[in-house]
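**Q** Listed here are the chains, written in short residue letters.
Protein chains: 2
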Amino acid sequence: MDKYMQLAIDEAKKGLAAGGIPIGSVIIRDGDVLGQGHNQRVQKGDPMAHAEIDCLQNAGRIGTYKGTVLYSTLMPCYLCAGAVVQFGIKKVIVGENTTFDGAQAFMESHGVEVINLQDQTCIDMMTQFIKDKPQLWNEDIGE
Amino acid sequence: MDKYMQLAIDEAKKGLAAGGIPIGSVIIRDGDVLGQGHNQRVQKGDPMAHAEIDCLQNAGRIGTYKGTVLYSTLMPCYLCAGAVVQFGIKKVIVGENTTFDGAQAFMESHGVEVINLQDQTCIDMMTQFIKDKPQLWNEDIGE
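In order, the protein sequences belong to chains Y and A. Here the first sequence is numbered in my numbering, starting from 518 and rising by one per residue. Here the second sequence is numbered in my numbering, starting from 518 and rising by one per residue.
Keep in mind the hints are simulated off the structure, nothing from the lab. Some hints here could point you the wrong way.
Which copy is meant is left open, because identical chains are indistinguishable; a pair holds if it fits in one copy or across any two.
[Unchecked claim] Okay, derived cross-link-like pairs now, DSS-like style, lysine-lysine, Cα gap no bigger than 25 Å in a straight line: (1) K583 with K520; (2) K583 with K561; (3) K583 with K650; (4) K520 with K648; (5) K531 with K607; (6) K530 with K520; (7) K520 with K607; (8) K608 with K520; (9) K520 with K561; (10) K650 with K531; (11) K530 with K650; (12) K650 with K561; (13) K520 with K531; (14) K530 with K608.
Kindly generate the complete structure, drawing on both the sequences and the hints.
**A** Dropping the structure here:
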């Protein structure tokens, strides 16, 4: 397992344990972790606190995003993909897109390299969550 | 002047007075203001706290976004346009796009109606800010 994806999975599990949505994210540059986070919709009552947004908030004002790689346990939605495109993050590594399509084509159309690990741990985690709490999941993706 | 755009301008001015970036946003439904906010990159040290994101955070977990209209003093960037598309906000009214192109075509390609008031107060506010603090502005849009 990619160690940064493992970190993102750990973040997702932290969120699940706190009653939240199990999606985690990490941003790195040259092997250094600049920030990490997880979905906090439930915990903070904040509909914008998707995992990738929480991660980028925690990274703080890093200036340029050149050379950064964003990890997420799940294919980013349009909100998070929008952040990727706007801030010039050029590489995104995702755990899976089996449980949620996300905005891969949108990112790629803006020159972002998207690598999908199709990781079984990530798939199982979201599959179970969507089965357990479908309403919460649908709220998170605006459905 | 549209009273909701005036509210967004007031938010922008609040941000400027606090040393921040003068962009404000309001979300309404059936004439009711559900949330309002302004860019807080400087104030909160949060690069994700664009005006529209701050506004949507302040609105909280409203469930469906059906029937909502999002106001912003400036054409939304990809981050904020991504939120609009993901959460199904179908109408966006902006102050201007003279100082920043934003992601109008992206929103429209997802069925969002975008109305640009090309308001002189909004144009003057951003023009002056970009002149005064170009580095801060470039940081905010990831350049």
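**Q** Looking at the structure, which of the earlier hints fail to hold?
**A** 4, 5 and 9
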